[in-house]
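Chains A and B, in that order, give the protein sequences. Residue numbering for the first sequence follows this note's numbering, starting at 13 and increasing by one per position. Residue numbering for the second sequence follows this note's numbering, starting at 25 and increasing by one per position.
The set of hints was computed from the structure by calculation and includes no laboratory data. Glycine included, C-beta positions come from ideal geometry on N, C-alpha and C. Be aware that one or more of the hints could be misleading.
As the list claims (entries may be wrong) - The following label-pair restraints were derived from C-beta to C-beta distances:
id, chain 1, residue 1, chain 2, residue 2, range
1, B, 58, A, 219, 35 to 43 Å
2, B, 199, A, 222, 22 to 30 Å
3, B, 29, A, 385, 41 to 49 Å
4, B, 240, A, 356, 58 to 66 Å
5, B, 29, A, 396, 40 to 48 Å
6, B, 72, A, 52, 46 to 54 Å
7, B, 58, A, 396, 29 to 37 Å
8, B, 240, A, 338, 52 to 60 Å
9, A, 385, B, 127, 29 to 37 Å
10, B, 154, A, 158, 45 to 53 Å
11, A, 190, B, 127, 28 to 36 Å
12, A, 227, B, 111, 51 to 59 Å
13, A, 239, B, 72, 13 to 21 Å
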Amino acid sequence: MPLRAIVATTASKTAAALSRAAGRGDGSVIGGWIGLKIDPDLLAHLASGRAVALVSGTNGKTTTTRLTAAAVGVLGRVATNGYGANMPTGHTSALAKEGHTPFAVLEVDEHYLAQVIDSTRPKVVALLNLSRDQLDRAKEVAMMAQLWRTALAGHPDIRVVANADDPLVVWAAGASPQTTWFSAGQRWQDDSAVCPESGHPIERANGDWWCVGCPLRRPTPQWVVEEDGVIDPRGDWHLVKLQLPGKVNLGNAATALAVAGEFGVRPIEALPRLSRVTSIAGRYAQVDRDGRNIRLLLAKNPASWLEAFDMADQAPTLLSINARDPDGLDTSWLWDVDFSPLRGRPVLITGDRAFDLAVRLQVNQVPFQHVHTFNEALAQVPPGRLEVIANYTAFQDIRAVLDRVN
Amino acid sequence: MNDSTLRIVWIYPDLLSTYGDRGNMLILAHRAAARGIPVETYEVRSDMQMPTTADIYLIGGGEDGPQALASQRLIADGGLHRAVNQGASVLAICAGYQLFGHSFFAKGTKCAGLSLLDITSDRGETRAVGELRGDIDPRLGLPPLTGFENHGGRTHLGQHAAPLARVTGGIGNDGQTEGAWYGKIIGTYSHGPALARNPDLADLLLRWSTGADRLAPLDDAWAERLRGERLAAGLPA
C-alpha cells in the first residue's frame with residue numbers, strides 16, 4: 013500500500029475511534045471521510061488484495077449484506093459495513109477498521125454502485141431489486157436500472173448475482189455475461205409494469221413474467237426459495253432456519269447463499285451461520301417491556317411495507333410515520349400501500365405524520381387508534397406481542413425510547 | 025353496470041403514476057360508496073382504447089418521456105376529447121395537468137398537448153418542491169387548497185382558463201397562481217393524492233358528475249386535522 017494510503021488509513025481509524033470515544037457516532041462515516049480527504053484512492057487501496065462482494069438494491073441490502081458476510085465467513089475473516097453506512101465513506105471506514113481481511117462484503121447505496129465497482133473491483137455484485145424510494149430526491153427507478161446496466165457492461169469480468177423476479181434488475185444485469193439468477197419474489201410490481209428495453213407492457217402469471225413486445229423475460233433461476241428452504245443450483249433443497257421473520261428474509265438468505273456460492277461456499281457450510289444472525293442494526297430486535305414483547309420492523313418505502321406486513325404476526329400493531337429529511341418530505345407513498353392485511357388486528361398509529369396515515373387508513377377501511385407517544389401505545393395494548401412498523405426516523409425515535417442502540 | 029353507476033377512469037397508470045396517484049381514485053370511490061352511490065373504477069393502460077362514457081377521468085404525474093408518450097397516445101385515441109365534450113369531469117395532476125394544455129416541454133422539446141385547457145407550460149429555473157397552499161377561486165365555493173408540489177414546470181394561463189387558486193405558499197403555476205379550471209376540468213400541481221387533503225374538492229368532482237347539488241356529509245375529522253396541520257406548515261415562516 014502506498015505511504016499516502018497508510019497515513020490515510022491511520023488517520024481514518026483514529027478519527028473513527030475519536031468519534032466513538034466522544035459519543036458523536038459509531039465512527040462508520042467520519043473515519044472514511046477523513047481518510048478519503050487525505051487519499052482519494054484510499055478505498056481502491058484498501059480493497060486491493062481482497063475478494064469483494066457488493067450488495068445493492070432498494071430493499072433488503074443491510075440484512076442481505078449481514079447474511080452474506082456470515083456465509084462467506086466460512087472461508088475466513090470478512091470486513092463488512094454492518095451498520096448501513098453504505099456510501100464510499102462507510103466502505104472506507106469498514107475496510108480500514110478491520111485491517112487486512114481476505115474477504116469483504118459491502119452494502120452499497122444503489123446510486124453509488126458504479127463508483128464503488130470502479131474503486132473496489134469486486135468479484136461478485138448482487139442486485140436485489142429496484143422500486144420507488146423517496147421520489148422527491150432520488151433518481152427515477154428506470155434511470156437507476158440504466159446506471160447499473162452501464163456500470164456492469166463495463167466490467168464483464170464481474171460475477172453478477174441477480175433477482176430473476178424483478179424485470180428492472182434482470183434488464184440491468186442483462187449486459188453482464190456471467191450472471192447467476194435467484195428467485196426471491198417481487199411483491200411490489202408497480203414500477204416494472206413497462207419493459208425497460210422496449211416500453212411494451214410486462215405480463216405476469218404464476219410467478220413468471222415476460223415483455224409482450226421484445227425478448228426480455230424472466231430467466232430460469234438457479235437458486236429458488238421453496239417452502240421454508242432454498243433449492244441450490246444442483247437441485248438440492250436445504251431447510252433454512254432463521255431468527256429473522258418472514259418470507260422476505262428467506263429470500264435474503266437465498267441471495268446470501270448464492271453470493272457465497274460464487275466464493276465456493278456450500279449451503280450446508282453456510283446455513284448454521286445464517287441461523288445465528290439475530291437483529292440487524294436494531295431491525296427485527298425484540299424488546300421486553302412491561303410484559304409486552306415488542307418487535308421492531310423498519311419499513312421505508314411501499315415495497316418494504318408490504319414485506320413488513322408479511323413478517324408481522326397477527327398481533328396489536330403500532331404504525332409510526334415521520335417525514336423528516338432522511339424519510340423524504342412527501343407522504344404520498346402511503347397511498348401506494350395497501351394496508352388491508354392489517355384488518356382484524358388492533359392498529360395504533362403515531363408519529364409526526366400520523367394524520368396522513370389516519371386519512372389513508374380510513375379510506376382503506378382499517379380501524380385504528382391514534383396515540384401521541386410510544387409509551388401511550390404500550391399502555392393501550394394487552395400483555396404479549398406488540399408489532400411496531402415504522403419508517404426511518406420514526407424507527408430511530410422508538411429505538412431511542414427503548415434505549416437500545418443495537 | 026347500470027346508468028346510476030359512477031364510472032371512474034384512471035388514465036394510463038402504466039405511464040403516469042408517481043407516488044400516491046392511485047389515492048385520488050381510492051378516495052373518490054370511497055366517498056361515493058359512503059353516499060350509497062354505486063361506483064366502478066377502471067385503470068386504462070396506454071395500449072387500451074380510452075372509454076368515452078365514464079364520469080370522472082383522473083390523470084397523474086410522471087417523467088418527461090412517459091408524459092410525451094401519453095399525450096401522443098391520447099391525441100391519437102381521441103376518446104378523452106369525446107368524453108370531455110360529453111361533460112365528463114377531470115382531475116389532472118402535475119404532468120397530467122400540463123398535457124391538458126396546448127403545449128409543454130419534455131426532455132427539452134416542445135410537445136403538443138390536448139388543448140382541453142387554455143394553458144401552456146415550460147420549464148422553470150428551479151424545481152418547486154414543498155408544501156403548496158392557496159385560496160381557491162371563490163366561484164367554486166371551496167376552502168383553501170393544501171398540497172405537496174414537486175415539479176420543474178411553470179404554467180401560463182390563457183383567457184379561457186381560470187386559476188384554481190391564488191398561491192399563499194409555495195410556487196404552483198408561477199408563484200402567483202396555482203392550477204387551472206375550465207368547465208368540469210380541474211388541473212393542479214398538488215401532486216399525488218391531492219384529494220386526501222382536499223375532501224371538498226373530491227366532493228366537487230362527485231357533485232359535477234352526479235348532478236347532485238349537495239352530498240350527505242361524511243366524518244372528515246381526520247382529514248380536517250390533516251388540513252389544519254398542513255395549512256399551518258405551508259405558511260411562510
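Tested hints:
For residue 58 (chain B) and residue 219 (chain A), the hinted distance range of 35 to 43 Å is satisfied, since their beta carbons lie about 37 Å from each other. The given range of 22 to 30 Å is broken by residue 199 (chain B) and residue 222 (chain A), whose C-beta atoms sit roughly 47 Å from each other. For the pair residue 29 (chain B) and residue 385 (chain A), the beta carbons lie near 45 Å from each other, so the given range of 41 to 49 Å is met. Between residue 240 (chain B) and residue 356 (chain A) the C-beta distance comes to about 28 Å, which lies outside the given range of 58 to 66 Å.
The hinted window of 40 to 48 Å between residue 29 (chain B) and residue 396 (chain A) holds, with their beta carbons roughly 45 Å apart. Distance hint for residue 72 (chain B) and residue 52 (chain A): a CB-CB separation of about 52 Å, consistent with the stated range 46 to 54 Å. Range check, residue 58 (chain B) to residue 396 (chain A): about 34 Å between beta-carbon atoms, so the 29 to 37 Å window is met. The hinted window of 52 to 60 Å between residue 240 (chain B) and residue 338 (chain A) is violated, with their beta carbons roughly 42 Å apart.
In this structure the hint that residue 385 (chain A) and residue 127 (chain B) lie 29 to 37 Å apart at CB is violated, the actual value being about 52 Å. In this structure, residue 154 (chain B) and residue 158 (chain A) break the distance hint of 45 to 53 Å, their C-beta atoms being roughly 28 Å apart. Taken as a hint, the range 28 to 36 Å is violated for the pair residue 190 (chain A) and residue 127 (chain B), whose Cβ atoms sit roughly 47 Å apart. The given range of 51 to 59 Å is broken by residue 227 (chain A) and residue 111 (chain B), whose C-beta atoms sit roughly 45 Å from each other.
Residue 239 (chain A) and residue 72 (chain B) have their C-beta atoms about 38 Å apart, which leaves the hinted 13 to 21 Å range violated.
In summary, the structure is inconsistent with hints 2, 4, 8, 9, 10, 11, 12 and 13 from the numbered list given earlier, while agreeing with the others.
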